[in-house]
Each structure stands twice: as C-alpha cells, then as structure tokens.
Amino acid sequence: MDFRGELFPQLFTNGVINGSWYGVLGLGFALILTVTGRFHLAYAVTYTLAAYVAVALSQDVGIPLGIAFFLAVVVASLSGVMTEGVVYRPLAAGGGGLLGIFIASLGLTIVAENLIRLTWGAGSASRSLVGFPLRPFTVLGVTFTSLDMAAVFTAWFLVLALAFFLSYTPWGRIVNAVRVNPEMARVVGINTERVHWLVFAIGSALAGVFAVYAAMRFAAVPDMGLQQTLIAFVVAFMALGTRPVSVALTGLALGLVESLSGLFLSAQWAPVVVFGVLFVYLALRPVQLRLALRQVQRLVTA
Amino acid sequence: MEYRFDIANQVLIFVVLSLSLNLLIGYAGQVSLAHAAIAGIGGYAAAKLAIANGMDFVPSLVLATLMAAAAGAFLSVPALRLTVQHLILLTLAAAVVLVTIANSTRDLGGAYGLVGMPVPSIFGKSLAKPSQFFWFLLCVSAICALLYWRLADSPYGRVLRALREDELAARAVGKNVFVYKVQVFALASAMAGLMGALWAYYLRLASPVQFNVTQSLLLVTMVIFGGMGSLLGPVVGAALIVVSSPILEKNLDIGAEKAALIRLVIYGAALVVLMRLRPEGLIPEHFSFRRALARLGLPLPGAGAAAGQQSPPPAAGAADPAAPAGPGQPDAGIDIAARTPVVTVEGLRKAFGGIVAVDGVDLALRERVVTGLVGPNGAGKTTLFNLLTGVIPPDGGTIRLKGKDITGMTPDAIARLGMARSFQDVRLFLRMTVLENVMLAYSRHPGEHLPLLLGAPLATSRAERRARELALECLSFVGLVDKAGMLAGGLSFGEQKLVAIARLLATGADVLLLDEPISGVDPQWVDRVALVIRALPAQGKTVCVVEHNLYALGQLADHCYFMESGRITAEGSLQELMADPRLIAAYFGA
Chain S
1 MDFRGELFPQ
11 LFTNGVINGS
21 WYGVLGLGFA
31 LILTVTGRFH
41 LAYAVTYTLA
51 AYVAVALSQD
61 VGIPLGIAFF
71 LAVVVASLSG
81 VMTEGVVYRP
91 LAAGGGGLLG
101 IFIASLGLTI
111 VAENLIRLTW
121 GAGSASRSLV
131 GFPLRPFTVL
141 GVTFTSLDMA
151 AVFTAWFLVL
161 ALAFFLSYTP
171 WGRIVNAVRV
181 NPEMARVVGI
191 NTERVHWLVF
201 AIGSALAGVF
211 AVYAAMRFAA
221 VPDMGLQQTL
231 IAFVVAFMAL
241 GTRPVSVALT
251 GLALGLVESL
261 SGLFLSAQWA
271 PVVVFGVLFV
281 YLALRPVQLR
291 LALRQVQRLV
301 TA
Chain U
1 MEYRFDIANQ
11 VLIFVVLSLS
21 LNLLIGYAGQ
31 VSLAHAAIAG
41 IGGYAAAKLA
51 IANGMDFVPS
61 LVLATLMAAA
71 AGAFLSVPAL
81 RLTVQHLILL
91 TLAAAVVLVT
101 IANSTRDLGG
111 AYGLVGMPVP
121 SIFGKSLAKP
131 SQFFWFLLCV
141 SAICALLYWR
151 LADSPYGRVL
161 RALREDELAA
171 RAVGKNVFVY
181 KVQVFALASA
191 MAGLMGALWA
201 YYLRLASPVQ
211 FNVTQSLLLV
221 TMVIFGGMGS
231 LLGPVVGAAL
241 IVVSSPILEK
251 NLDIGAEKAA
261 LIRLVIYGAA
271 LVVLMRLRPE
281 GLIPEHFSFR
291 RALARLGLPL
301 PGAGAAAGQQ
311 SPPPAAGAAD
321 PAAPAGPGQP
331 DAGIDIAART
341 PVVTVEGLRK
351 AFGGIVAVDG
361 VDLALRERVV
371 TGLVGPNGAG
381 KTTLFNLLTG
391 VIPPDGGTIR
401 LKGKDITGMT
411 PDAIARLGMA
421 RSFQDVRLFL
431 RMTVLENVML
441 AYSRHPGEHL
451 PLLLGAPLAT
461 SRAERRAREL
471 ALECLSFVGL
481 VDKAGMLAGG
491 LSFGEQKLVA
501 IARLLATGAD
511 VLLLDEPISG
521 VDPQWVDRVA
531 LVIRALPAQG
541 KTVCVVEHNL
551 YALGQLADHC
561 YFMESGRITA
571 EGSLQELMAD
581 PRLIAAYFGA
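Protein chains in written order, with this note's numbering: chain S, 1 to 302; chain U, 1 to 590.
Keep in mind the hints are simulated off the structure, nothing from the lab.
These figures come from a predicted structure and were not determined experimentally.
Among the clues, some could well be false.
[As the list claims (entries may be wrong)] So, partial list: chain U residues that the calculated Cβ filter (under 7 Å) puts toward chain S:
1. S104
2. T105
3. A269
4. M275
5. G455
Don't be surprised by glycine CBs; every beta carbon is placed ideally from N, CA and C.
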C-alpha cells in the first residue's frame with residue numbers, strides 16, 4: 001500500500017465522472033423508492049435492457065445512433081412502467097409486502113439477465129456501442145474523453161431539471177405530496193396510481209440514459225445492471241435528503257471516494273471501498289435513533 | 001452410479017445451506033443475501049488450511065465452521081437494529097465485499113480460487129469418489145438437519161418467529177432480542193461455513209463463483225420456493241432446484257452451461273409467479289400433512305386425531321364467555337392509601353425536541369389496585385407507559401419497581417422483573433397461533449436458551465408442558481381457550497385484545513400496564529374485556545389502565561390520575577374527577 005499522490009488530478013477527474021453517473025442512477029432509484037415504496041431491484045433490468053436495445057437498434061438494425069439512444073430510453077421508461085403495472089401493483093393489491101415485492105423484483109432480474117445471456121451467447125454476450133465521436137482531451141495532464149464530458153453535462157442537466165420539475169411544477173408538487181404522505185394525497189383526490197407511473201417512467205428513463213452511455217463507454221454486458229443498481233441502492237440509502245441535488249451530491253461523493261481510494265489501493269479493490277463505506281455507514285448511522293423516534297411517534301399519535 | 005451420487009451430494013449441500021438460511025429468513029425474519037459468501041468463508045478457510053498448512057480434513061472443517069460462525073456474529077452486530085430493506089442492503093454489501101476480496105487477493109487464488117486441495121479422508125479411508133463422499137456428507141447433513149429441527153420446532157424457534165413478527169412486542173414479553181439475533185446469525189453461519197468447507201473439499205476447489213452473490217440469491221430462491229418458516233419447505237425447494245439442472249440437461253440435450261441459464265430463467269419467472277399466487281411457498285409455514293391428507297379425502301395416519309381437537313374444552317374461568325353478567329363495580333370499600341405502592345414514579349421527565357411530553361410526573365401504582373390514567377389526547381399517557389417499560393429512556397426522574405430502581409433498563413429486563421405492558425395497537429404475533437402467542441410469554445423457559453435446549457431436553461419438554469398448561473389457563477381466564485389453535489391474525493380486534501391480556505398474564509408479571517384495552521373494540525366486547533380486567537386484582541395483579549372509554553373506566557378503576565400536557569393534575573375516583581368542571585373541560589375540550 002503505497003501512496004501515489006501524483007495520480008490525484010486524474011483520479012479526482014475520474015471520480016467526478018463516475019460520481020455524476022452514480023448520482024443520476026441513485027436519483028432514479030431513490031425517486032422510485034421514496035415515492036412508491038417499491039424496493040425496485042429490477043432497476044437492473046431496465047438498465048441492461050436499455051443498453052442492449054441501443055446496441056441492437058444501432059448496430060443490428062442500422063438506425064442512427066441518436067435515434068437509437070432516444071428509443072432505448074423510451075424502452076427503458078416503458079419497462080419500468082410495465083414492471084410497476086404488471087408485477088408490483090397486483091402484488092401490492094394482493095397484500096404482498098415489501099419483501100414479496102423485493103423477491104418478485106429479484107426474480108425479474110434473474111430472468112432478464114439470463115435471457116440476455118441466452119440470446120447473445122452465454123460466454124461473451126458483451127457488445128459495445130460504437131459511433132459516438134470519441135475524442136480524447138488532455139488538460140493539465142488529466143485525460144478524459146468527449147463522451148465523459150457529455151455524460152457529466154447530461155447528468156447535471158438531468159439532476160437540475162428534475163429538481164426544477166419537483167419544486168416548481170404542479171405535477172412535481174403532486175409527486176412530492178405522494179412521497180410525503182400517500183394516504184393524505186389520496187384523500188385530497190390525487191390519483192396516486194398515475195403518480196407511480198410517472199415516477200417509474202422518470203426514474204427508469206434516467207437509468208436508460210446512463211445505460212446507453214455505459215454501452216458506449218465500456219460495453220453492454222448481461223450483469224451490468226446489477227452492479228450499477230447496487231451502487232444506486234447505496235447512493236439512495238446514504239443520501240441524507242430526498243432532494244435531487246442532495247442525492248446527486250451523495251453519488252458524487254461516493255464516486256470520489258471510490259476513485260480516490262486508487263491513491264492507496266489497486267483498482268480492483270474499488271467495490272470493497274464502496275461497499276465498505278456503506279457497511280460502516282449502516283453499522284454506525286443513527287438508525288437506532290431514527291427508528292426509535294418513529295416507533296414512539298407511532299405510539300404517541302395512534 | 002457415481003453420477004447419481006454426485007447429484008445427491010449437491011442436493012445435500014444445498015439442502016443444508018437452505019435450511020440454515022431458513023433459520024435466518026423464515027424463522028428470525030432476517031433476510032440475508034450474504035449466505036453463500038458466509039459459506040465461502042468456510043470454504044476458503046478449509047482450502048487455505050489444507051493447502052498452506054497441511055491441516056487434516058476434520059480439524060480444518062471444525063476451524064472453518066468456527067470462522068464462519070464468527071463472521072456471522074460479526075455481521076449480526078450492525079444488523080441488530082436495521083429494517084428489512086437496510087438489512088438486505090447490508091448483507092448485499094457484505095457479500096460483494098467478501099467476493100471482491102476473494103477475487104482480488106493473490107493469496108486466495110484470485111478469480112481462479114484455491115485449487116489443488118488434498119483428497120479428504122477420514123479414519124484412513126479416502127473420500128475421493130462421490131459415492132465415498134456421500135455417506136460422510138449424509139451423516140453430517142443429518143446432524144445439521146437434526147440441529148435445525150431442534151432449533152426451529154421448539155420454544156427457541158417460537159421466540160425467533162416472534163422476533164420476525166414484532167420485535168417490540170417480543171421485548172415487551174421479556175425476550176432479549178439482541179442475544180437471539182446474534183445467536184441465530186452465528187448458528188446459521190456455522191452451518192453454512194461447514195457446508196462451504198465440505199463443498200470445497202468435494203470439488204477440491206474454493207473459487208469466487210461458488211460463493212458469489214448469484215449463489216446467495218439462488219439460496220434465497222430455494223428457501224422462498226420451498227416456503228419460508230416451514231420446517232421442510234427448504235428441503236423441497238433446494239432439492240427441486242438442484243435436481244432440475246441435470247434433468248434439463250438430459251432431456252433437452254443441451255450443454256450444461258445453457259441448461260444452467262434456462263434453469264435460472266425458469267426459477268426467476270417462477271419466483272415472480274409464486275409471489276403472486278402462493279407467496280407462502282410450496283410448503284407453507286402452517287402446513288400440516290394431516291390436514292392436507294384430510295382435504296384430499298385420504299385416511300389419516302394415526303386415526304382419531306382430527307384437526308382442531310388440540311384445544312381442550314374451555315375451563316370455567318373467572319370470565320366465562322357464556323357469563324351474561326355485565327362488568328362489576330370496583331369494590332367500593334377498598335382503602336387505596338392503605339395498599340403498598342408497587343411502582344413509584346418520581347419527577348419523571350421526557351422531552352422530544354422542544355415538546356415536553358412528560359413533565360415531572362409523580363405517581364404510585366398500589367398493590368392489587370386498578371389505577372386509571374385519564375386525560376385528553378396528547379397528554380403524554382402513552383409516553384408515560386413507554387418510559388415506565390423502558391421503550392424510551394427518560395430525561396430525568398426515577399422509576400422504582402418493588403423498591404428496585406429500574407430507570408433506564410431495557411423493556412425485556414423490566415418485563416422479566418415483573419412489569420409488562422400491552423399495546424394500543426395490540427401487537428400480537430399475527431402469523432403464530434393464539435396458543436403460541438401466550439406460551440411465548442412464559443418466562444424462564446429452559447427451551448428458549450440454547451445450551452439448555454440442546455443439553456437438557458427433559459427439562460425443556462417438562463417446561464413446555466407447563467407453559468402449555470399456563471397458557472391454556474390464561475386463555476381460559478379470558479375465555480378464549482376454544483380459539484387456541486387459530487392464527488392470531490384471524491381473530492377479531494376484541495378477541496385480539498383479550499389474547500393480549502392473556503399474553504400479559506402468562507408473563508407472570510405482577511404489574512400490568514394496559515394501553516387502551518377497550519378503545520376500538522366492538523360494543524358487545526367492551527363488557528367482556530372490562531370483566532376480565534376487573535378480575536385481575538383478585539389474581540394478585542397490580543394494574544394500570546389508559547383508557548378513553550369513560551363508561552368502561554368507571555367500572556374498572558379503583559383510583560384515577562388525571563393527566564394533561566405532560567403533568568398529573570388531579571387524582572381520585574373517576575366520579576370525583578368527572579365532577580370537576582375544569583377537568584371535564586380539559587378532557588372534552590371546551
């Protein structure tokens with residue numbers, strides 16, 4: 001374990017790139033979790049699906065990259081909405097609790113990952129999406145690509161747009177209302193079903209955008225969704241607030257921590273750092289306090 | 001032949017792995033996605049010890065088991081107070097970390113794993129062939145299955161299920177939930193570690209793919225498929241899933257790799273469908289082969305034991321349900337001040353942020369007196385109960401129970417010392433039978449303590465009989481013996497409140513705090529519940545009741561405290577309090 005300080009500028013840049021990415025994924029996941037209460041592991045399905053759809057449309061069908069990108073995001077969005085409509089909602093209506101929905105979600109993820117393996121060949125189903133005008137830049141000894149820049153700009157644009165939507169538009173306020181108190185929202189006449197759909201559509205679209213970027217930056221692989229969903233979990237759970245900007249900043253922080261760990265450790269240890277952070281956080285965070293307070297609140301107000 | 005033994009060996013390993021996972025998920029309600037990783041600790045430990053240190057087969061198994069148990073106990077500490085979703089996330093994180101460590105450490109063989117383990121042998125006999133390994137594995141699995149059965153289908157398993165249903169309620173009847181959680185994590189992990197080590201020896205290899213997150217998910221699938229919390233479910237689940245792979249391979253004439261993928265697709269889809277149609281799994285928790293046979297119209301083995309016969313005829317208790325009489329009046333003649341105070345509270349204070357919920361309360365609960373606590377909503381009555389029973393720590397003041405300072409003790413410790421409470425929202429263990437709900441409260445049951453459960457089976461079964469008798473007595477006291485075999489979730493609200501009182505009685509506590517035992521109950525049940533409560537002092541109980549139903553409280557309470565804005569502002573009989581126009585105004589809001 002030797003300190004490699006000269007790597008700092010490059011690692012910091014990588015951290016910002018990955019962190020922005022994590023922030024958006026965490027935001028999509030957090031939006032779904034906090035508004036609908038679904039423990040949506042199948043976020044991974046949406047992500048993987050979008051990447052493969054983009055590859056298939058662009059490379060196999062020959063549709064221009066930009067249109068393939070757009071269609072993939074639409075498919076991602078639809079897949080999220082359908083998961084809610086076809087799987088989660090009937091389950092919830094039948095009394096399936098958080099665990100039941102999580103398990104169904106787990107089942108979906110297993111199905112999707114292995115169907116992709118079966119379709120694109122079991123050994124190497126890896127497909128990369130080409131066609132983006134990839135250009136490397138070197139600024140002050142730090143290297144990044146035009147794709148990285150596009151991804152970071154897209155990420156923060158989406159975060160700010162969502163923040164604006166939630167705070168300043170009527171629909172955004174309705175979403176917030178359902179998040180804070182779904183029952184009260186229903187009582188005052190909000191159609192919470194429609195809000196769930198909207199939230200799944202937005203959250204899944206966010207995943208879709210970055211799945212396509214991932215297919216361009218690295219490649220589409222069958223288990224890409226699960227890895228990224230785990231990170232989205234971490235970001236969503238560690239975010240101190242539910243506001244888009246604070247979720248995104250949590251993602252950024254996580255990306256920086258992960259990347260800067262490269263100053264001390266080799267890159268393959270990065271997951272240990274990310275999940276180690278989560279582990280420590282979950283072990284130490286004042287859950288006790290919050291839980292106890294919630295219990296007391298329930299007893300006092302019942 | 002060897003091919004069949006090979007499959008049988010895989011089945012055995014996965015059966016024991018999913019049984020141990022069922023202890024965690026199905027019984028204790030602790031969803032773990034790190035079970036394969038924990039098994040991996042056992043596998044890697046055995047492999048490393050055998051390859052690098054040349055350790056023999058059996059000692060390395062023992063060490064591997066212990067290491068996995070230690071890892072499980074370590075994992076349980078942050079898990080102690082997490083909600084289900086946080087626990088899922090935590091165990092997932094632990095699994096990813098462990099697999100990554102295995103993948104990236106050169107000393108652990110990296111992605112290839114530790115290869116070249118020696119051929120295991122026992123008493124000089126080699127276990128190289130699957131058929132040779134089988135018999136040894138069968139013995140070990142049988143021992144694990146017996147241990148599992150003893151843990152699950154026993155007073156110990158009953159406490160675990162209570163944890164799963166409602167932790168706070170389990171603490172309220174005196175169970176130290178922390179100890180149980182650590183134990184069950186350690187035990188389940190020990191079994192997993194042992195199986196991981198055996199698997200490594202069997203394949204002569206410990207590699208990341210054997211123990212990765214996908215394997216953990218597969219184990220969860222097996223448990224859920226078979227039926228969470230059912231004794232035999234995981235056996236069925238694991239066997240079906242393991243065997244299906246070679247069957248697919250043979251019948252579809254496809255490669256092993258493709259068969260494995262198709263199998264996963266099928267099971268993933270089946271999970272989704274199962275959650276929709278049969279969320280309790282193939283063999284549900286309360287499945288009985290007898291009842292299933294009866295439903296199919298088949299003759300019952302051991303004839304004569306009809307379903308529902310379990311509950312003995314209702315004993316003529318103090319409150320026979322058939323008794324038409326309304327509630328009695330409080331004994332007019334008792335001299336409250338002459339009774340010894342059992343619980344004394346001085347200067348009790350609790351603030352939530354800026355809101356002072358309990359503000360310097362002094363009160364005394366006297367022996368065999370029913371004390372009422374009245375006051376408007378938000379007066380701090382429930383907070384007071386929570387302080388008395390240790391659910392929340394007070395900011396100041398003291399609470400004495402029979403002269404002993406109990407301020408700051410945990411709910412379970414206070415319950416064991418003899419003060420127990422019921423809840424406004426009842427909090428029965430809904431997926432357990434009424435009888436189990438009440439039996440659980442029996443204190444000092446040797447069968448709830450691991451060493452005694454395993455070491456003193458006779459004392460355990462004697463205590464179990466006593467617990468059963470006591471529970472039936474308590475149920476007959478509230479007039480619900482005939483419901484003993486029903487699931488608590490199937491009772492009406494009024495019945496649930498009565499079972500809650502029976503559960504309180506069974507704790508053996510002398511001081512009972514009843515939080516709104518009557519509110520929200522159907523009118524025809526009000527008198528019955530009141531009658532039961534009225535009969536408690538004669539059983540030697542000191543009772544404190546929070547209740548909004550003034551009609552009922554008038555029948556019940558010998559003495560009342562009036563509480564408003566966190567303070568006790570008046571005391572006396574209910575009639576006296578209600579004669580004060582100021583209190584009436586405070587109560588009903590003027």
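Tested hints:
no. : hint : in the structure
1   : S104 : 4 Å, holds
2   : T105 : 9 Å, violated
3   : A269 : 5 Å, holds
4   : M275 : 4 Å, holds
5   : G455 : 33 Å, violated
Against the hints set out earlier in the document, violations occur for numbers 2 and 5.
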